[in-house]
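A.B. asks: Put together the whole structure using the sequences plus the hints.
Using the working numbering, you'd call the opening residue of the sequence shown number 853 and step up by one each time.
Please note that the accuracy of each hint is not assured.
[Said to hold, decoys possible] Estimated spans, in silico, between C-beta atoms of each pair: (1) 912 x 1176: 54 to 62 Å; (2) 1171 x 986: 48 to 56 Å; (3) 1146 x 1085: 27 to 35 Å.
[As the list claims (entries may be wrong)] Straight-line C-alpha distance at most 27 Å; calculated BS3-like pairs for lysine-lysine: (4) 1195 x 887; (5) 1195 x 883; (6) 1200 x 887; (7) 1152 x 1107; (8) 1073 x 1037; (9) 1152 x 1037; (10) 1073 x 1020; (11) 1092 x 1020; (12) 1107 x 1073; (13) 1037 x 1092; (14) 975 x 1107; (15) 1200 x 883; (16) 975 x 1037; (17) 1092 x 1107; (18) 1107 x 1037.
Derived by calculation from the structure, the hints in this document are not laboratory data.
Glycine is no exception: its CB is placed at the ideal position from the N, C-alpha and C atoms.
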Amino acid sequence: MDRPAPIGDYKVLDGRLGAAISGHLINLLAKLPGKTAVMDLYLVPHGQMVMQAVESCSRSGISSAPVTIGEAVGSDITNVVSNALATGQSGAAALVMQNYLDHDQPVAVSEFTRELIVASGAKVDEALGTSFAQQLSERVRISYPAIDTSAYLSPTISEAEQAAILSKRGLVRDGYVLFLSRLTKAKGVEDLIHAYRASDLYHRMPLVVCGSGPDEEFFHKVANGDTSIRFFNDIGDLEKLALMSGSHAYCLPSKPRVEFTETFGIAIAEAMLSGGIGPVITTRTGGIPEATGDHCLYHKAGDVAGLVACLNRVARMPDHSRAYLSQQAREYARRFDRENILKNLLAKTAMKTAA
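C.D. replies: So this is what it looks like as structure tokens:
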């Protein structure tokens, strides 16, 4: 028996649910009138299920083939493809690449991601004699993540409601440093814990670490029971907005690792959109500068001393300076509004397919 090992460390849907989703998509396509566009936001497994359904519709005559848009994100390339190449399973990498190119319009969430995709295609070409790199270079367009900005720009919660939400967690507005993202080593949580303890903000206000992930237990061990460091893994959407807009500073000290590199930084864009007076502290890892527009404080990835300096700078900044930086960041992040991004993407895709 020759049974290959799983590729990557992301959990994916099992075959039964995958078949159900593809089948349900066929039912939807059969009912929808006129020209339809289908967009999948992950290639593995979503892109595979979409293209399976589209091919079935086309061959069986159930419906006319819709326009397909495949968006490649971090886990597709930096995890699945890179792991496949690292373990010599180039065939699996080729499978993902071909599925991506089978879409009418393959898009990437940042210029950094696009470059990474083309470079990965070149590695597959070297292993299998294919021509993915050239095809990817010619066809992949940039389409930044589409965010529902109205959820952040509209006055969805009052100051009183925010105060009540924060109070339930033992927090006050402008009285905590915030990390909110997936708990993995690539997000730099360990660096943040060490930097926070060495900063002027330690004991002045708590560090709040929100999220869940494979390294959650490890970060609890790093914190070692420090009561100034609080972990929350049960944050809802409204509480997320209250936490982001109420923080003294939002930190995402991401760094490149073999298993993952930040390809955009959607949590950063969300923090910028949330407003408040707390600026963003982050790194220039991967596609992060495309998310921030440089409306933030940077430190070198993995440089704890540099992160300490950023935290101390924020601690000494007057409120009006922090508020100005936050306001500029919010204005920049408006460009990621999902309505505008999707309209532009659909218009350009329609023009391409018509040609």
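A.B. asks: Does the alpha-carbon distance linking residue 1073 and residue 1037 stay inside the 27 Å limit?
C.D. replies: holds, 13 Å
A.B. asks: Given the proposed pairing of residue 1195 with residue 883, does the C-alpha separation stay at or below 27 Å?
C.D. replies: holds, 23 Å
A.B. asks: For the pair supplied as a hint, residue 1152 and residue 1037, is the alpha-carbon distance within the 27 Å limit?
C.D. replies: With Cα atoms ~16 Å apart, residue 1152 and residue 1037 stay inside 27 Å; holds.
A.B. asks: Checking one constraint from the list: CA of residue 1037 to CA of residue 1092, max 27 Å. Satisfied?
C.D. replies: holds, 21 Å
A.B. asks: Between residue 975 and residue 1107, is the straight-line Cα distance small enough, at 27 Å or below?
C.D. replies: holds, 23 Å
A.B. asks: Are residue 912 and residue 1176 spaced within 54 to 62 Å by their CB atoms?
C.D. replies: Holds - the Cβ-Cβ distance for residue 912 and residue 1176, about 59 Å, lies within 54 to 62 Å.
A.B. asks: Assess, step by step, whether the Cα of residue 1092 is no farther than 27 Å from the Cα of residue 1020, and give holds or violated.
C.D. replies: Distance ~13 Å between residue 1092 and residue 1020 Cα, so the pair holds.
A.B. asks: So the hint says 27 to 35 Å: do the beta-carbon atoms of residue 1146 and residue 1085 match that?
C.D. replies: Between residue 1146 and residue 1085, where Cβ atoms are some 31 Å apart, the hint holds.
A.B. asks: Within 27 Å, alpha carbon to alpha carbon, are residue 1092 and residue 1107?
C.D. replies: Judged against 27 Å, a Cα distance of about 23 Å means the pair holds.
A.B. asks: Is the Cα-Cα distance between residue 975 and residue 1037 27 Å or less?
C.D. replies: Holds, at about 26 Å.
A.B. asks: Can the restraint linking residue 1107 and residue 1037 be considered satisfied, given a maximum Cα separation of 27 Å?
C.D. replies: holds, 8 Å
A.B. asks: What's the verdict on residue 1107 and residue 1073, does the C-alpha distance respect the 27 Å limit or exceed it?
C.D. replies: holds, 20 Å
Hint violations for this structure: none, all hints satisfied.
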